[in-house]
Structures are given as structure tokens and as C-alpha cells.
Amino acid sequence: MPARDTEDVEVAHPARHLLRAKDLVDVRYREPLDVATLARAARLSPAHFSREFRRAFGEPPHRYLLHRRLERAASLLRTTDRSVADICLTVGLRSVGSFTTGFGRMYGMSPTAYRAAHPPAVNRARIPTCVLLAWARPQTARLEKTAA
Amino acid sequence: MLTKLTNAHVWVHDQDEALAFYTDKLGLELRDDVTVPEMGNFRWLTVGLQGQPDVSIVLMAVPGPPVFDAETKETLEALVAKGAAGGLFFATDDVRATFEELRSRGVEFVQEPMEQPYGLDAGFRDASGNHMRMMQ
Numbered sequence: 001m002p003a004r005d006t007e008d009v010e011v012a013h014p015a016r017h018l019l020r021a022k023d024l025v026d027v028r029y030r031e032p033l034d035v036a037t038l039a040r041a042a043r044l045s046p047a048h049f050s051r052e053f054r055r056a057f058g059e060p061p062h063r064y065l066l067h068r069r070l071e072r073a074a075s076l077l078r079t080t081d082r083s084v085a086d087i088c089l090t091v092g093l094r095s096v097g098s099f100t101t102g103f104g105r106m107y108g109m110s111p112t113a114y115r116a117a118h119p120p121a122v123n124r125a126r127i128p129t130c131v132l133l134a135w136a137r138p139q140t141a142r143l144e145k146t147a148a
Numbered sequence: 001m002l003t004k005l006t007n008a009h010v011w012v013h014d015q016d017e018a019l020a021f022y023t024d025k026l027g028l029e030l031r032d033d034v035t036v037p038e039m040g041n042f043r044w045l046t047v048g049l050q051g052q053p054d055v056s057i058v059l060m061a062v063p064g065p066p067v068f069d070a071e072t073k074e075t076l077e078a079l080v081a082k083g084a085a086g087g088l089f090f091a092t093d094d095v096r097a098t099f100e101e102l103r104s105r106g107v108e109f110v111q112e113p114m115e116q117p118y119g120l121d122a123g124f125r126d127a128s129g130n131h132m133r134m135m136q
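Those protein sequence lines, which keep their order, are chains A and B.
Each step along the first sequence adds one to the number in the numbering used here, with nothing skipped, and position 17 is 17.
Each step along the second sequence adds one to the number in the numbering used here, with nothing skipped, and position 32 is 32.
The set of hints was computed from the structure by calculation and includes no laboratory data.
Treat the hints with care, since some could be wrong.
[Unchecked claim] Mimicking DMTMM-like on lysine to aspartate or glutamate, the simulated pairs with C-alpha atoms at most 20 Å apart in a straight line are:
| id | chain 1 | residue 1 | chain 2 | residue 2 |
| --- | --- | --- | --- | --- |
| 1 | B | K82 | A | E31 |
| 2 | B | K82 | A | E52 |
| 3 | B | K82 | B | E108 |
| 4 | B | K73 | B | E17 |
| 5 | B | K4 | B | E38 |
| 6 | B | K82 | A | E59 |
[Claimed, not checked] From the structure, some residues in chain A lie toward chain B, with a derived Cβ separation under 7 Å:
| id | residue |
| --- | --- |
| 7 | A15 |
| 8 | L19 |
| 9 | D23 |
| 10 | R28 |
| 11 | H48 |
| 12 | E52 |
| 13 | A56 |
Where is the CB? At the ideal position from N, CA and C, for every residue including glycine.
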């Protein structure tokens, strides 16, 4: 059997290239990705790529990317106290306005309402007791000032 | 009573490609490579972790007729390529170091090392598209 160059092994199935583009979204959604970049990862022309991606995974690539960003944003809304604008930029979206619109369409409420509907992040974060002991102490200086 | 898991199998598109991936890139050892002419050249190909001699991974080519009809074979191959055919979970002592090591060998990662409620983990794919994870 001839020796194979493992660095340059060609995969047999065309959908494997589409999966590579889908994985690229999941890893690099924070970056300004566009369909042309994803199409290159799948080694297809953009128009052909969008059609094939949709056939393989049930939705066009730009929507898969948007949904991944919204899903990540929802997670950050639930588990952090970061601002909506900050979260929007973190997940790779540049316009807070269209983020809020897209989020509303997906989750049926605004990012702020979604956050309010879930337990505060502090309930979920496993903050060590030593930190709680240090930070949750009543501030005597303020009490003294009020008393005075 | 069942006592032990001995083999787990993954569907692969190309057994040579899979063997190269699991041995050269992941560092597993080759266990069996037996081709049976009287069974239509069925190739029993297994690999395993060096520290775990009693569990093997069977790198199984998707068979055509008479095992599976052509349509089933095609569907199954597409599912594997789309990452929808299952996968394997591994353990490691050091996710970050193993991540660097495997990435330098060209393994495609789908998730960089990340703290999860159950520990540190990372995700990658085999050459055919099967999902792999490692956890520490």
C-alpha cells in the first residue's frame, strides 16, 4: 500500500467541507465572518455554498451564524451582568439595534426582559465563600454616617 | 451480567485516512487490521489508547450491498460527514497541553479548552466528521 501524506489527506464526502464551515461558525462567531469566508472553508463558490449548506443543515449559513450569535448572547445574558451593548459586540454583532430586533424575533422578548425572566447571574455563579464574606459585609462607614 | 465494554465503533469514510488520523494525529495504537476475502474484503480495523488495552475503537467503513442498500450507505455517509453520527469522549490529564499538541498536528477543533461545570473540556473532529471530546 502506498504511504499516505497524513497532512494532506483528502476526505471523501462533500458534506465534510460543509461541516468544516459550520464548525468555523461555532468557533469564530465573535469575529466578523461573512458567507464568502465560510464558502472558502467549504471550498465552494458563495452561491453554491449557501445552497449546499442549507440542503445539509436545514438553514442558510448566514442564519446559522446569526442564530449562533443570538444563542451565545442569551447565554451571556443569563450568566453574566454585562451590558446588552457589550454582549452584542462580544458575540460579533455590530449594531445594538438590529441585535435587539433579531433577539426579539428569536426569543419573543427584548434582551433586557429575557435577562429579567431568568435568575440573576449571582445566583448561578459559584462565588467562593471567602469572597462572599469579604464583599457582602455591611458597610459600617455608611451606617455611621447615617446615624450621625 | 455484562462485565466490560470492549469495543466501540465509529463509522468512517476511508479506513486508511481514519487509521492515519487516529494513530498519527491522536497518538492511538493500531490493534487489528485484518481483511477477510471470503467476506467481500471486509476489513476489521481497530485502534486503542496505549494505557487502555481492553477497550478498542473499531474504525468501520460504511458497507454497501448486501449489508446496507445503496441508499442507506449514502445516507449514513452523509450523516457522518455532517457530524450527526455520534462520537467518542476521551479523558486527559491536561486538556490545554493536549489541545496544543493535537492542534499542531492539524486536528480540527470545534471548541477550544473551556471551563464547564463538570471540568475543563475541548472538542474536535476526526477526519470523517465524527465529534470527539476530551475532558480533564
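Here is what the structure says about each hint:
no.	hint	result
1	K82/B with E31/A	violated, 23 Å
2	K82/B with E52/A	holds, 12 Å
3	K82/B with E108/B	holds, 14 Å
4	K73/B with E17/B	holds, 18 Å
5	K4/B with E38/B	violated, 30 Å
6	K82/B with E59/A	holds, 13 Å
7	A15	holds, 4 Å
8	L19	holds, 5 Å
9	D23	holds, 5 Å
10	R28	violated, 11 Å
11	H48	violated, 17 Å
12	E52	violated, 11 Å
13	A56	holds, 6 Å
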